[in-house]
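**Student:** Line order of the protein sequences matches chains F and Z. Heads up, the first sequence is in this note's numbering, so the first residue is 535 and it goes up one at a time. Heads up, the second sequence is in this note's numbering, so the first residue is 535 and it goes up one at a time.
Quick caveat, the hints were computed from the structure, so don't treat them as lab data. Only a predicted model underlies this, so the values are computations on that prediction, with no experimental measurement involved. One or more hints might be untrue.
Which copy is meant is left open, so a pair is good if it fits within one copy or across any two.
[What the hints assert, rightly or not] Capping the alpha-carbon separation at 20 Å, the derived lysine to any residue pairs in SDA-like fashion look like this:
no., residue 1, residue 2
1, K616, G757
2, K642, I555
3, K833, D682
4, K585, D692
5, K833, F681
6, K642, V727
7, K833, G683
8, K616, E652
9, K585, R696
10, K642, R806
11, K833, P584
12, K833, P684
13, K627, I667
14, K537, E791
15, K833, P680
16, K627, A654
Protein chains: 2
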Amino acid sequence: MDKVVFTDVGPRDGLQNQPRILSVDERLSLIAAVAAAGVSHIEVGSFVSPKAVPAMAGTGELVARLPGDDGVHYSALIPNRKGYELARDAGVKTVNMVLYASEGMAQKNVNMSIAEAEQATRDILDMAANDGIEVVAAIATAFCCPFDGPTDPGIVRDIVARFIDSGIRQLVLADTIGAANPLQVRALTRELVEAHGAAQIGCHFHDTRAMGVANVFAALESGIYHFDGSIGGLGGCPFAPGASGNVASEDVIMMLEQMGVHTGIDLDALLRASDLAENLTGTAPGGRAKAWLGPWLAKQQEL
Amino acid sequence: MDKVVFTDVGPRDGLQNQPRILSVDERLSLIAAVAAAGVSHIEVGSFVSPKAVPAMAGTGELVARLPGDDGVHYSALIPNRKGYELARDAGVKTVNMVLYASEGMAQKNVNMSIAEAEQATRDILDMAANDGIEVVAAIATAFCCPFDGPTDPGIVRDIVARFIDSGIRQLVLADTIGAANPLQVRALTRELVEAHGAAQIGCHFHDTRAMGVANVFAALESGIYHFDGSIGGLGGCPFAPGASGNVASEDVIMMLEQMGVHTGIDLDALLRASDLAENLTGTAPGGRAKAWLGPWLAKQQEL
């Protein structure tokens, strides 16, 4: 437990679930604030239909305006081949795809079966290998599906086994609706790390049921060191009214730093990014730890 | 991990930190709502100077008006011998005392040294044995002290070793300012459970730094099964402006129930108690999971 690679997905998974739609300039300012805190990986947007997800319109322009030489790994979500081509043409170096652990979510999200979504991912893996583009895939509903109920861990194990050697950079267990509990997380991540090591496996938690931080700890115990979070806890879930979003980046990073796990992230700058996220979206979900962290950091600076 | 004994400390640790002071009637209504949810242990108040802690004035009257035959274990905090006598005379069957793992907190809280506070507890243990009253002791600043910094786990181990066979019912590791992280919690609780078993050891966490639920999980992994929490997350900390209070009872109980640990507590009734806590205090700290839990429970009832 001495290092963690952290991806902030707020500019994508967070903003797409906020009522207020940000301009490309506003989205870029948020991304810059997160990068300035030392976050090495940021999911900046998605190449989806602007009619379906208006908050993600202009992601091509946004990608073109990202700094090219700051050492930050910027990625974008793509739902299909068309999205892949748009992302590639915009200059994206890492594309994020979605695999499905439940038929219900695969149908609802992309109108495909699990097998069809896997074939689409394989096709894009082939193209990406030719184009020199990295592919990361989230496994949606890895713990629970809002349509099909609890997910059989065997389904997730099989998906990981099918894709771990496919040339994919990382497979991310996504607790899409924030339903996982730390016992489940510990059991599944332990099995997967024992079978495949931790270098290619990540975890993505939501804080809907207050277990996001506990789930990060449980996965960390299994050896997982790739985690997603969202600045300011931006997000929400269309299937759970009133639910909070992704686990807040500042909550995760603060816990890791306090446990002596080095993240390379400056908490003070991360809090400023969180404040910006709140100001821009106006919904202020906020990390749970912020109320304490702000005054504490101010006091540290006085000393 | 098949049972948990849960103590709601909201009517004491929660209310004493709220700006609004409740009447004895209001406090009794909150206690009744928590008891109605199936919580078996409730800390109902403290016998301290009403000048020092106005929110706890009238605890003698409150205790006299508690139902005597509902099977719920009601306890009250006492700071010293005078408090003990008031509690005994009011009919309290379990008194909670405080031991200290840091000199700074012992001085600030009761103007005693660690050793003097231990002697006061021993004196009261003798009286309580004669009077047939149970004693529970919290070990304050068991992980960190706002005055002295991080606590040496060896100090806590020694306190536990000195008191485990003293006739005390339970020793509760109290993360007084919500500074513990799950790695620390796991390490200390594992050592203590290995040395003494778990029957007499409890944990009391605050959610100041968003790690309250993760700390419960870490302690549970070590075999701890006595936990404190506060209805609606009532509380706060005088040493951390803006900080949240005790870990919310509904967040803890929801996690436990979702992991298959039986608590005997009705989540629906617990949420109603949480709503009452918010309404009475007007500060609505609220459990993190409430936003999700309410709609979910409503949906379950429709099915």
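**Student:** Next step is simple, just say for each hint if it's right about the structure.
**Tutor:** Evaluation of the provided hints:
Taking CA atoms no more than 20 Å apart as the test, K616 paired with G757 passes in neither setting, with 36 Å inside one copy and 52 Å between copies. Taking identical chains as interchangeable, the C-alpha atoms of K642 and I555 are never at most 20 Å apart, the minima being 23 Å within one chain and 50 Å between chains. For a Cα distance limit of 20 Å, the shortest separation of K833 from D682 across copies, 16 Å, qualifies, whereas the shortest one inside one copy, 49 Å, does not. When the C-alpha separation of K585 and D692 is checked against a cutoff of 20 Å, the pair qualifies neither within a copy, at 34 Å, nor between copies, at 65 Å.
For a Cα distance limit of 20 Å, the shortest separation of K833 from F681 across copies, 14 Å, qualifies, whereas the shortest one inside one copy, 47 Å, does not. Proximity of K642 and V727 under a CA criterion of 20 Å is satisfied in neither setting, with 30 Å inside one chain copy and 47 Å between copies. Taking identical chains as interchangeable, the C-alpha atoms of K833 and G683 lie at most 20 Å apart only when they sit on different chains, with a minimum of 14 Å there against 46 Å within one chain. When the C-alpha separation of K616 and E652 is checked against a cutoff of 20 Å, the pair qualifies only within one copy, where the shortest distance is 16 Å, while the shortest distance between copies is 71 Å.
In this assembly of identical chains, K585 and R696 lie within 20 Å of each other by CA distance neither inside one copy nor across copies; the values are 33 Å within and 68 Å between. Within a single copy, K642 and R806 get their C-alpha atoms no closer than 36 Å, and across copies no closer than 34 Å, so neither meets the 20 Å cut-off. Neither within a single protomer nor between protomers do K833 and P584 lie at most 20 Å apart by alpha-carbon distance, with minima of 45 Å and 32 Å respectively. When the C-alpha separation of K833 and P684 is checked against a cutoff of 20 Å, the pair qualifies only between copies, where the shortest distance is 17 Å, while the shortest distance within a copy is 45 Å.
For the homomeric pair K627 and I667, the shortest alpha-carbon distance inside one copy (5 Å) is at most 20 Å, but the shortest distance between copies (69 Å) is not. Proximity of K537 and E791 under a CA criterion of 20 Å is satisfied intra-copy only: 10 Å inside one chain copy versus 32 Å between copies. In this assembly of identical chains, K833 and P680 lie within 20 Å of each other by CA distance solely across copies; the values are 13 Å between and 44 Å within a copy. In this assembly of identical chains, the alpha carbons of K627 and A654 lie at most 20 Å apart only when taken from the same copy (19 Å versus 67 Å across copies).
Of the hints listed earlier, those the structure fails to meet are numbers 1, 2, 4, 6, 9, 10, 11, in rising order.
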